[in-house]
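Model the full assembly from the supplied sequences, consistent with the hints where possible.
First to last, the protein sequences are chains A and B. All residue numbers in the first sequence are consecutive under the numbering used here, ending with 302. All residue numbers in the second sequence are consecutive under the numbering used here, ending with 280.
A portion of the hints provided could be inaccurate.
[To be verified] Below, a sample of chain A positions facing chain B; criterion: calculated Cβ distance under 10 Å: (1) Phe24; (2) Ile26; (3) Phe31; (4) Gly43; (5) Gly45; (6) Ile108; (7) Lys109; (8) Asn112; (9) Val127; (10) Trp133; (11) Asn140; (12) Leu146; (13) Ala179; (14) Val244; (15) Leu261; (16) Ile275.
Quick caveat, the hints were computed from the structure, so don't treat them as lab data. Even for Gly, the Cβ is constructed at its ideal location relative to N, Cα and C.
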Amino acid sequence: MTTLPAAVPAELEERSPASPESARRRTGRRGGLHRGTSKLWVFIIPAAVFYLFIVLWPSIQGAGLAFTDWDGISPTRAFVGIDNFIQLVNDPKAAGAIGRTLLIAFTITIVQNAVGLLLALGVNSRIKSRNLLRVLLFAPAIITPVATAYLWQNLFSPNGAINALLEGVGLGALTQNWLGDGDVAIWAICLVVIWQFAGYSMVIFLANMQGISTEVIEASYVDGAGPFRRFWSIIRPELAPSITINLMLSIIGGLKLFDQVWVMTGGGPGGSTETMSTLLYKNAFQFGDFSYGIAIALVLTVLVAILSSGQYFVLSRQNKD
Amino acid sequence: MYQRYTWRTGILEVVMIAVAVLFFVPAYVLINLSFRESNDAAGPLELPTTFTLQNYADAWVQGNLGNALVNSTVVSVVSVVVLVLLSALAAYPLARVGRRWSKVAYFGFLIGLLLPFQLALIPLYTTMRDLGLLGTVWSLVLFYIGLQMPFSIFLYTGFLRALPIEYEEAAAIDGAGSFGTFWRVVFPLLRPITGTVVILNVIVVWNDFLTPLLYLSGSGQQTVPVTLYSFVGQYVSQWNLVFAGLVISIAPILLVYFVLQRTVIQGFASGLKG
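So, in structure tokens, the structure goes:
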């Protein structure tokens, strides 16, 4: 009995020459492997079971709970419609957290990828230390954010290394209590995230760059293109896949940001670094308002879906141009 | 011209090394402070006037870090092994069968990439509680298998689609069944992307903080990030001790990274091409 995958993947099929012979082969294969194919769906079941019960069903439950008044403990819960969302709109803390989360996500996305791209261009060049630098610059991304957050909490403290470094290079006027000042703390948190994950963006850009054929780049030298022209006209279009992946990863990561904020400031001082994730944690698990916390999670979900799919469509359209 | 090491390359080399040194100032401070006594008056950037290993001994004992390392290892190994097997198995029909159910299932899994885990975390908390798994590492193992399934399937399916189908056809001609073909032919061919799937999932699972904070709170089974969190909470004013604890807890994963760094960075490349 034949058991092999019946259909050839669409891409492969398109590439095969449209000769009568290949057409016959294709129909023959489809008919002959029919039974084998219909059995292959069994392979999906174990993965689908975990996915359904751990991700999909609880997410649907979560979306439903956002419209109730559940406290997380009592056996009863009542449907309250959009009350939680009305509360959310009228809650200055929540509105602030949403705006701040967006600001953090955009800042991280732009700066982290710009730094990652520059680092990738650097370590993709002819420099002798490139292999070592690649390994070292990616290393922070391996470390648990809880640990890096504590490290930076100390570095940012009034007697910490950042202020000592500024004093040391004659910029003593810039020293301050980085995490104690609400206006500064949010940028300090962004800096930590960017420091940790710029190497991650770098590696993704680098992997893409190594796939660009050197002939194209050498041709641009022959044509007399300068480094900026070469980057913009030759390298940038080739980097489209890694740009898409990097932007999606960092915007989703930025929107969900929790660990660094929770450890370094706990949302303070005075709520000035509260993100959607810290606010939903506090509401659900500290103030015992499960349904309100989950309403915030639902807003977060919608934001992630809108921003990442919007980004995907804009970028994939650009890729075609 | 493109290949030559010019004076421009030399300048770039110096700039890149300077950037890397700046990147590693935090690591220098971390190690520097972890080796000095708490009453050392030297600044954070100066070398210690005293040198001691006592912080490490104290952090190891008081932080219960050994227990945390064991728990994190169990959670990471079990969930990543299951993830690799089940997502590779599922990706096989998703990549090779061109029928409607296969496409629907693939997009069904992909939706999971857009769902922030915060949404599922709270309802799942009550389910885990009802199942009696709360406070055990098994709640985490189940959670990570489900959570990371879409991403793992996405990587495997992409890689498989770029892989020629001829090997599988040959296996079929030789009379292998579907599972035999998968296990003996397809799965070994997936090795490069399996490396990527393992690495990326271990980073996520080992480093996650919010889920174990919720699911394991108050229990004796804690992972590294949560143990660090409660350890630092207790000894927050004793930074030398805290830093020794940080070094102990990040050393194992960094060690694994430095041993496997070639695979890690190449793995990213093959994950991208897929």
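**Asked** Do the numbers back the hint for glycine 43(A), that is, is its least Cβ distance to chain B under 10 Å?
**Response** holds (4 Å)
**Asked** Is the shortest C-beta separation between isoleucine 26(A) and chain B less than 10 Å?
**Response** holds (8 Å)
**Request:** May I ask you to test the interface hint for phenylalanine 31(A) with respect to chain B, counting a Cβ-Cβ separation under 10 Å as satisfied?
**Result:** At about 4 Å, which falls below the 10 Å cut-off, the nearest Cβ of chain B leaves the hint on phenylalanine 31(A) intact, so it holds.
**Asked** If you take the shortest Cβ to Cβ gap from phenylalanine 24(A) to chain B, is it below 10 Å?
**Response** holds (5 Å)
**Restraint outcome when leucine 146(A) is required to lie within 10 Å of chain B by C-beta distance** = holds (6 Å)
**Message:** Checking hints one by one. Is valine 244(A) an interface residue toward chain B, by the C-beta closer than 10 Å rule?
**Reply:** holds (7 Å)
**Cut-off 10 Å, beta-carbon criterion: hint that asparagine 140(A) touches chain B** = holds (7 Å)
**Request:** With chain B as the partner, please determine if asparagine 112(A) meets the hint condition of a C-beta pair closer than 10 Å.
**Result:** holds (9 Å)
**Message:** Take the shortest C-beta to C-beta distance between isoleucine 275(A) and chain B; is it under 10 Å?
**Reply:** holds (5 Å)
**Request:** Would you settle whether the hint for valine 127(A) is holds or violated, based on the nearest Cβ-Cβ distance to chain B being less than 10 Å?
**Result:** For valine 127(A), the interface hint holds, since the closest Cβ of chain B sits about 4 Å away, which is under 10 Å.
**Asked** Going by Cβ atoms only, is lysine 109(A) closer than 10 Å to chain B?
**Response** Where the cut-off is 10 Å and the nearest Cβ of chain B is about 7 Å from lysine 109(A), the hint holds.
**Message:** Please check whether alanine 179(A) passes as an interface residue: C-beta within 10 Å of a C-beta belonging to chain B.
**Reply:** holds (8 Å)
The structure is consistent with each of the numbered hints, conforming to all of them.
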